[in-house]
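J.: Sequence:
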Amino acid sequence: MLMGACGSGGGSKASESSSPTVDAPATSGTPATSGTPATSGTPATGGASVTPSGGPIYLGPAGYGAVKLGMKRADAEATGLITVKSEPQGEIGCGTFDFKEFPQKGPNSGGNFSPQLGVASIFAVGDMRTPEGITTGSAAAEVEKAYPELKKGPNASFVAVPGNPEAVYTFLIENGRVRQLVLDLATQTCHN
Numbered sequence: 001m002l003m004g005a006c007g008s009g010g011g012s013k014a015s016e017s018s019s020p021t022v023d024a025p026a027t028s029g030t031p032a033t034s035g036t037p038a039t040s041g042t043p044a045t046g047g048a049s050v051t052p053s054g055g056p057i058y059l060g061p062a063g064y065g066a067v068k069l070g071m072k073r074a075d076a077e078a079t080g081l082i083t084v085k086s087e088p089q090g091e092i093g094c095g096t097f098d099f100k101e102f103p104q105k106g107p108n109s110g111g112n113f114s115p116q117l118g119v120a121s122i123f124a125v126g127d128m129r130t131p132e133g134i135t136t137g138s139a140a141a142e143v144e145k146a147y148p149e150l151k152k153g154p155n156a157s158f159v160a161v162p163g164n165p166e167a168v169y170t171f172l173i174e175n176g177r178v179r180q181l182v183l184d185l186a187t188q189t190c191h192n
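The opening residue of the sequence shown carries number 1 in the UniProt record's numbering; numbering runs sequentially from there.
It is worth saying that the hints were derived from the structure and are not from the lab. All the given hints hold, so there is nothing to weed out.
Capping the alpha-carbon separation at 30 Å, the derived lysine-lysine pairs in DSBU-like fashion look like this:
| hint | residue 1 | residue 2 |
| --- | --- | --- |
| 1 | Lys100 | Lys85 |
| 2 | Lys105 | Lys68 |
| 3 | Lys100 | Lys68 |
| 4 | Lys68 | Lys152 |
| 5 | Lys105 | Lys72 |
| 6 | Lys85 | Lys68 |
Given the structure is predicted, the values throughout are model-derived calculations rather than measurements.
Using the sequences plus the hints, can you model the full thing?
T.: Following this line, the structure appears as structure tokens:
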């Protein structure tokens, strides 16, 4: 289940069925947190998906690969990268999708979409990481160093996405580590 009250910047109308969770993958090493993207073919901890040109595919600032925040559902499906997992319930509900590369079990998913906003949220799954090197499993101190403007909430922390004023990163931090990382439209209403 995703975070509770995020404060400003995140949506606030959630239901448990649209709040997927992702088990944090094991990490080997410490993610890069210098605030600048890795320039080699793989980030500091290795394993990130790469483009055909050899550059890494990051979660953010606009999306993940060809799947972009705000993209209409049909356009997101046309990328061939996602499969719809659940349909929106009613006119204001949200559906879920998975990335074919990272299928999730049970109610967990790779993201949310809504009829009004299109792709509203992308959950970090598999080896996804931000351009600043943050992924599930990163230490809270690494998140704070990478994002000095991080706003800590009672249940989640969030920060404006560098390079995209219409998006926020939302972090669920438990026991000093990122348990969940989400790239959200700042106006999304799919989860807290």
